[in-house]
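Residue numbers (my numbering), protein chains in the order written: chain A, 132 to 453; chain B, 132 to 453.
Please keep in mind that the hints were generated in silico from the structure rather than gathered at the bench. Source: prediction; values computed, not measured. Do not take every clue at face value.
Which copy is meant is left open, so a pair is good if it fits within one copy or across any two.
[To be verified] Simulated pairs of lysine-lysine, DSS-like, Cα-Cα distance not exceeding 27 Å:
#, residue 1, residue 2
1, K348, K403
2, K172, K227
3, K420, K177
4, K152, K365
5, K177, K403
6, K420, K133
7, K300, K134
8, K420, K227
9, K420, K318
10, K403, K420
11, K134, K172
12, K420, K152
13, K137, K227
Protein chains: 2
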Amino acid sequence: MKKEIKIGLLGLGNIGTGTYKALELNRAHIEETLGAALQIKHILEKDVTRDRGIAIDPALFTQDPATIFDDPTIDVVIELLGGIEPATSFMVSAMKAGKHVVTANKAALAANLELLTNTAAENDVKLRYEASVGGGIPLIGAITESLNANVFSELLGILNGTTNYILSKMSDEGRAYDEVLKEAQEKGFAEADPTADVEGHDVANKLSILMSLVFGKRVLPDDIPTTGISAITKDDIAEADSQGCVIKLLASAYRTPDGQIECFVQPTWLNKTHPLAGVRNEFNALFLKGNAVDDLMFYGKGAGPFPTASAVLGDVIAIARG
Amino acid sequence: MKKEIKIGLLGLGNIGTGTYKALELNRAHIEETLGAALQIKHILEKDVTRDRGIAIDPALFTQDPATIFDDPTIDVVIELLGGIEPATSFMVSAMKAGKHVVTANKAALAANLELLTNTAAENDVKLRYEASVGGGIPLIGAITESLNANVFSELLGILNGTTNYILSKMSDEGRAYDEVLKEAQEKGFAEADPTADVEGHDVANKLSILMSLVFGKRVLPDDIPTTGISAITKDDIAEADSQGCVIKLLASAYRTPDGQIECFVQPTWLNKTHPLAGVRNEFNALFLKGNAVDDLMFYGKGAGPFPTASAVLGDVIAIARG
C-alpha cells in the first residue's frame, strides 16, 4: 500500500466541510488504523472566503476540475457537489483519469448507476457510495459484502430525516403539518424549498439505489410510485394512533409470490411494535428480510455533515486498503 | 479469482448443518454473485448417521482433521465445532497449512485472539469471524470496515438471545424466572445446562471480542465483571416498569473522561424510549456511539443455524473475492 493517499475533494459545502473537519479530528486514529497518511491536495470550490470554522490553506482551492483529474498524484476523488450534473460528468472524468471515486450523491447514482459502475469497471478503479443512502449507517457495505449469501424478500426504510422529524413532531406533540414544517425550516432540519424531501423524491432516489443492491433490479426514481407527506393531517395521525399505529414515510420493496419485485414510496401505517415504529425525529433506519439472516434492522443518523463524513472516510479507507 | 473455492468444514452440528443447507438453498445466487463455485470437499464430523434432513454424500465425512489440513486443494476452513479446544489448535493448523479460516467460535476467539490473528498474519491468510458476535447481524464487518473513521465512546449490546427471551417473557407476561427458563428449555431456546447463557459468560466472550475491535483494548472474558440474570425477580421487573424502564442483560463499555475504557456485563435498567428497550425475545442488538457517526444501532437474529450461516457464508464470499 502507498504511504500517502492523495485526495481531490469536489465541493466544500456543509458535507465537504464536515468531511474535512472529521478527517482533521480523527486523523491520528485513521492513519494509525490504515498505516498510511491521507492528504487532501486540491479542493474544487468557488467560495474561498466563507467562514467554515476551520483554517484551510487557500492554495488548496481550485476552480478548475482539470487541476484534480490531470494531477497524476491524486489517488481518490471525493465528490460532494450533489445534484446529477456536473457531478456525474466529473465522476466519469475522474475514473477515466484512473482515480477511485467516493460519493455521497444519491441523485447522480440513482440517475446514472450503470454509467458510473461501468466506467469504474472499464477503468479498473473503485466507485464507493456508502454515504448515499442512510448517511452514516453502514448499510451498503453490509448489503454488498456481509449479507451476500442472502436472497432478500423485503425492504422497508425510513430514509429521510426531514420527513421523519416532521411526522415524529406531529405524532408526539399533536401538531399540524404546516406548523411543524415551519419550525423544521427555522431549525435547519428542512430546506427553504422542502419539495424534494416532503414529496418523497429524495427517498425515491435512495430506494432506486437500494433496489439495485438488494434485489438486483434497476428502477429509475421517476418510475417508483411516490407519495410524500404534505397531505398528512393531524386527524390522520390521531386515527393511526387510535389503532396502535404510527405513520412513517416508508420506502418499501418486496418480492411477490410470482417472483416480481414491487416498490413504492408512501406514508404507511406501522404497528407500534414494529422495529421501525420507534425510529424518531431525524433518525433513519432500514429493515431487511433475507432468507438466511431473517429480520435485520440498521439504525442511525441518515444525514448531517459528520455522519455523512463517517461513511465517506470509511469508503476512502476501504479503497486505500485494497 | 479461482473458478472453484474448496472448503473444509469442521463440525456438522446444528450450525454446521444450517451452513450446509443455506449454501444449498442459495447456491445459484451466491455463485452468480461471486463468479465462482463453492464446494464443500471434506467435513470433519464423528456422527455420520444422524438424520440432518438433507442428503450428504458419506464420502465427504472424515474423522481425521489432517485430511483437511493436508489437502492442498482446500482454500478455506470453516470452524463450527465451538469451545476453545480443539477448535483453536485446528484453526492454527489450518492457517499454518495456508488455508483461510472462517469461524463462529466466540469462546476460542475471546480466549486466543492474539494467537489466532497473529497466526493469520504470519501465514498471509485471512481469519474472519462475523458470526461470532451477533450471529447474522453484520456488525463486525461494519466496525472493522465502514466505521473505521470513528473513535468510539460507548457500546451497549443485547448479545444473548436466551437471556433476552427470558427477560422479555418475564416483562411482557409478568411471570417468574424459573417458570420462563423451564419453558425456554422445553422450546429449545435455552440449553439443559443454561449456566453459560444465564450467568452472562456467553455475553462476556462476545464483549471481549468487541472490546478489541471497537476500542482496540484486549480484555479477557474472565477479567470482565459479569453478573447474569438468575437473581432477577418478578418484583425487579415490576419496579423497573413502574419507573418507565425495562431490564435487559447488557454488555456495556464506555470511555471515561480520563481516557480509560470500562466494561462489564450486567442486568441494566433501560428507559423504554432507548432504541435497545424494544429489542425483544431472541433478537440481539448492538448500540454504538462514534464521534463522527453519532448513535448507531444494529438489530437482528443473534443465533440460530440460518442467521449464523448468513454470516459464515458472507465471510467465505469475502475471502473468495479478495
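Now the hints, each set against the structure:
Within a single copy, K348 and K403 get their C-alpha atoms no closer than 31 Å, and across copies no closer than 39 Å, so neither meets the 27 Å cut-off. Within a single copy, K172 and K227 get their C-alpha atoms as close as 19 Å, which meets the 27 Å cut-off; across copies the closest is 43 Å, which misses it. Within a single copy, K420 and K177 get their C-alpha atoms no closer than 45 Å, and across copies no closer than 35 Å, so neither meets the 27 Å cut-off. Proximity of K152 and K365 under a CA criterion of 27 Å is satisfied in neither setting, with 40 Å inside one chain copy and 50 Å between copies.
Proximity of K177 to K403 under the C-alpha cut-off of 27 Å is found in neither arrangement, the shortest distances being 47 Å within a copy and 48 Å between copies. With identical chains, the CA atoms of K420 and K133 are never at most 27 Å apart, being 39 Å at best within one copy and 31 Å at best between copies. For the identical chains of this complex, K300 and K134 are neighbours neither inside a copy (49 Å) nor across copies (54 Å), given an alpha-carbon limit of 27 Å. In the homo-oligomer, the alpha carbons of K420 and K227 never lie at most 27 Å apart, since the shortest distance is 37 Å inside one protomer and 38 Å across protomers.
Taking CA atoms no more than 27 Å apart as the test, K420 paired with K318 passes between copies only; the shortest distance there is 24 Å, against 35 Å inside one copy. Taking the shortest alpha-carbon separations for K403 and K420, both the intra-copy value of 19 Å and the inter-copy value of 25 Å come in at or below 27 Å. For the homomeric pair K134 and K172, the shortest alpha-carbon distance inside one copy (15 Å) is at most 27 Å, but the shortest distance between copies (41 Å) is not. With identical chains, the CA atoms of K420 and K152 are at most 27 Å apart between copies only, with a shortest distance of 18 Å across copies and 36 Å within one.
Within a single copy, K137 and K227 get their C-alpha atoms as close as 17 Å, which meets the 27 Å cut-off; across copies the closest is 37 Å, which misses it.
When each numbered hint is compared with the structure, violations occur for hints 1, 3, 4, 5, 6, 7 and 8.
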